[in-house]
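A.B. asks: Input sequences plus hints: build the corresponding full structure.
Going by our numbering, 323 is the number at position 284 of the sequence shown; the sequence numbering is gapless.
The hints are simulated quantities; they were obtained by calculation from the structure and are not laboratory data. These numbers come from a predicted model, not from an experiment.
Straight-line Cα separation of at most 25 Å, DSS-like style, residue types lysine-lysine; simulated pairs:
id: 1; residue 1: LYS520; residue 2: LYS553
id: 2; residue 1: LYS520; residue 2: LYS484
id: 3; residue 1: LYS74; residue 2: LYS48
id: 4; residue 1: LYS426; residue 2: LYS436
The calculated label-pair distances, taken between Cβ atoms and stated as ranges, are:
id: 5; residue 1: GLU61; residue 2: VAL218; range: 48 to 56 Å
id: 6; residue 1: SER474; residue 2: VAL437; range: 24 to 32 Å
id: 7; residue 1: PRO91; residue 2: LYS543; range: 40 to 48 Å
id: 8; residue 1: LYS48; residue 2: TYR267; range: 54 to 62 Å
id: 9; residue 1: LEU220; residue 2: LYS127; range: 55 to 63 Å
id: 10; residue 1: GLY589; residue 2: MET65; range: 29 to 37 Å
id: 11; residue 1: ASP358; residue 2: ILE577; range: 42 to 50 Å
id: 12; residue 1: LEU71; residue 2: LYS460; range: 30 to 38 Å
id: 13; residue 1: GLY232; residue 2: LYS436; range: 45 to 53 Å
id: 14; residue 1: THR503; residue 2: LYS543; range: 19 to 27 Å
By construction, the Cβ of each residue, glycine as well, lies at the ideal position given by its N, Cα and C atoms.
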Amino acid sequence: MPSDIDIAKAAKIKPIFEIAKESDLMEDELELYGKYKAKISLDILDRLESKPNGKLVLVTAINPTPAGEGKTTTNIGLSMGLNKIGKKAITTLREPSLGPCFGIKGGAAGGGYSQVLPMEDINLHFTGDIHAITTAHNLLAALLDNHIHQGNDLNIDTRKIVWKRVLDMNDRALRNIVVGLGGKSNGVPREDGFDITVASEIMAILCLATSLEDLKNRLSKMIVAYTYDKQPITCDDLKATSSLAILLKDAIKPNLVQTIENTPAIIHGGPFANIAHGCNSVMATKIALKLGEYTITEAGFGADLGAEKFFNIKCRYADLKPDCAVIVATIRALKSHGGVDKTELNHENLQALEEGYKNLQKHIENIKKFDVSVVVAINKFPSDTEKELELLYDRCKVEEVPVVISEVWEKGGEGGMDLAKKVVEIVENTTSEFSPLYSENESIKDKIERIAQEIYGADGVEYTKACEKQIKEIENLGYDKLPICMAKTQSSLSDDPSLKGWPKGFKITVREIKASNGAGFLVALTGNIMTMPGLPKIPAANNMHISDEGDISGLF
Numbered sequence: 040m041p042s043d044i045d046i047a048k049a050a051k052i053k054p055i056f057e058i059a060k061e062s063d064l065m066e067d068e069l070e071l072y073g074k075y076k077a078k079i080s081l082d083i084l085d086r087l088e089s090k091p092n093g094k095l096v097l098v099t100a101i102n103p104t105p106a107g108e109g110k111t112t113t114n115i116g117l118s119m120g121l122n123k124i125g126k127k128a129i130t131t132l133r134e135p136s137l138g139p140c141f142g143i144k145g146g147a148a149g150g151g152y153s154q155v156l157p158m159e160d161i162n163l164h165f166t167g168d169i170h171a172i173t174t175a176h177n178l179l180a181a182l183l184d185n186h187i188h189q190g191n192d193l194n195i196d197t198r199k200i201v202w203k204r205v206l207d208m209n210d211r212a213l214r215n216i217v218v219g220l221g222g223k224s225n226g227v228p229r230e231d232g233f234d235i236t237v238a239s240e241i242m243a244i245l246c247l248a249t250s251l252e253d254l255k256n257r258l259s260k261m262i263v264a265y266t267y268d269k270q271p272i273t274c275d276d277l278k279a280t281s282s283l284a285i286l287l288k289d290a291i292k293p294n295l296v297q298t299i300e301n302t303p304a305i306i307h308g309g310p311f312a313n314i315a316h317g318c319n320s321v322m323a324t325k326i327a328l329k330l331g332e333y334t335i336t337e338a339g340f341g342a343d344l345g346a347e348k349f350f351n352i353k354c355r356y357a358d359l360k361p362d363c364a365v366i367v368a369t370i371r372a373l374k375s376h377g378g379v380d381k382t383e384l385n386h387e388n389l390q391a392l393e394e395g396y397k398n399l400q401k402h403i404e405n406i407k408k409f410d411v412s413v414v415v416a417i418n419k420f421p422s423d424t425e426k427e428l429e430l431l432y433d434r435c436k437v438e439e440v441p442v443v444i445s446e447v448w449e450k451g452g453e454g455g456m457d458l459a460k461k462v463v464e465i466v467e468n469t470t471s472e473f474s475p476l477y478s479e480n481e482s483i484k485d486k487i488e489r490i491a492q493e494i495y496g497a498d499g500v501e502y503t504k505a506c507e508k509q510i511k512e513i514e515n516l517g518y519d520k521l522p523i524c525m526a527k528t529q530s531s532l533s534d535d536p537s538l539k540g541w542p543k544g545f546k547i548t549v550r551e552i553k554a555s556n557g558a559g560f561l562v563a564l565t566g567n568i569m570t571m572p573g574l575p576k577i578p579a580a581n582n583m584h585i586s587d588e589g590d591i592s593g594l595f
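C.D. replies: See the structure below:
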């Protein structure tokens with residue numbers, strides 16, 4: 040089979056204005072970024088205000104493994120499969136971050152015959168949204184340090200600055216740095232550091248904002264530091280809100296592209312789900328719900344992270360009611376959770392599959408806690424045996440959850456038709472009873488412990504002394520009624536990445552909690568989770584090439 044990038048190059052892609060026209064977008068609601076990309080004006084929601092929303096389907100997954108699961112590929116293939124059976128579907132996805140593209144993933148635009156196009160553009164600079172967020176974030180950092188250098192009228196405690204700088208790259212050397220060296224004219228020396236851009240609160244705000252006005256309101260509330268008497272200093276205190284909004288005025292508009300089979304795709308925003316809330320923008324989802332009969336969206340990593348935050352944060356703020364959830368798994372990944380080395384995953388191993396199935400079982404249980412219907416999609420590999428598939432069917436039957444084989448990687452929309460039919464059957468014969476897991480009015484610890492015990496299966500939660508102090512400070516400031524955004528490893532239901540399957544007898548350790556007041560949630564950092572990833576021993580960047588004619592290879 041050809042490589043992903045070769046398949047993408049051979050695809051018959053349509054000019055984006057044709058995709059827009061077929062999607063009922065008007066010419067003046069489109070801002071072209073070349074021939075195959077465009078931004079959608081936010082004014083479209085005014086025109087379509089009275090139009091009923093379509094159905095909303097979330098695609099999530101088991102805890103990721105080196106074997107791969109194919110969540111984005113399944114999302115894209117499902118949308119194409121729905122169109123093949125006569126339903127008007129739109130896929131909504133997050134924008135890839137350059138960090139993982141050049142680090143481990145090598146790209147994040149689907150794969151095989153289930154991709155979004157133009158693949159190279161989407162994986163690289165796209166329409167510049169992430170660069171705009173990087174610049175806006177670092178402008179605020181520069182204004183903060185300049186204020187301190189120019190006399191510090193706000194009485195900022197330089198030991199209590201919580202606004203780091205950001206870069207859309209994996210670079211462990213920048214996690215902890217010192218700024219302001221070189222003498223008095225270069226500022227005030229202090230400890231600082233970098234996060235990856237997709238962990239920026241501005242990224243979260245862009246993805247949760249419902250208008251430019253809402254964006255500015257949220258930006259104004261961002262906390263950058265604290266004074267010597269422990270009072271928060273906000274973006275508005277530094278008179279930076281409008282300048283940041285100016286940098287983001289285009290980035291807030293969702294991006295329209297297409298799948299390999301010309302299904303409309305709205306790709307916008309890119310927060311990670313292990314260190315942020317892991318969902319594409321509210322604006323992209325709301326626009327898709329007005330334009331299509333079915334909106335297929337996704338949330339990052341496993342259902343313990345992305346789906347939990349989709350339900351408890353995004354759906355809460357955007358007043359969304361998902362109609363169905365698809366959990367993506369592979370036989371290979373389940374065997375990996377059962378303890379099989381990645382070199383042995385192509386061999387039949389029913390015992391390991393039985394053990395690894397427990398991870399899928401827990402995610403099924405978790406989705407049901409939100410009163411959302413579930414379908415399991417098995418992303419099929421040639422090495423899957425009939426006995427392994429039968430075992431999986433039998434186990435899911437006990438859970439009263441349908442299982443459908445997905446072959447979208449190899450067959451595109453045709454390989455997603457069975458999954459599409461099952462999703463339609465469920466959605467058209469059930470009514471969404473969705474409700475979040477917890478009330479915002481619960482205490483900080485109660486909310487964290489609900490997530491840890493009910494979603495992760497933990498026996499309890501332990502807090503460091505520093506975290507206990509931070510919780511009290513947040514409560515004193517009146518921010519304790521915000522939802523919780525857990526920052527946790529994606530590799531395990533626990534906060535220990537080495538614990539696979541459905542681990543038992545563990546506790547979650549929360550070492551830090553901080554208020555993302557503009558985004559509207561509290562970030563609880565657990566275990567050894569880091570907000571600036573590092574590169575692997577052999578980065579994907581080492582295997583990427585560009586010819587003298589400009590043809591790219593190595594993206595996948």
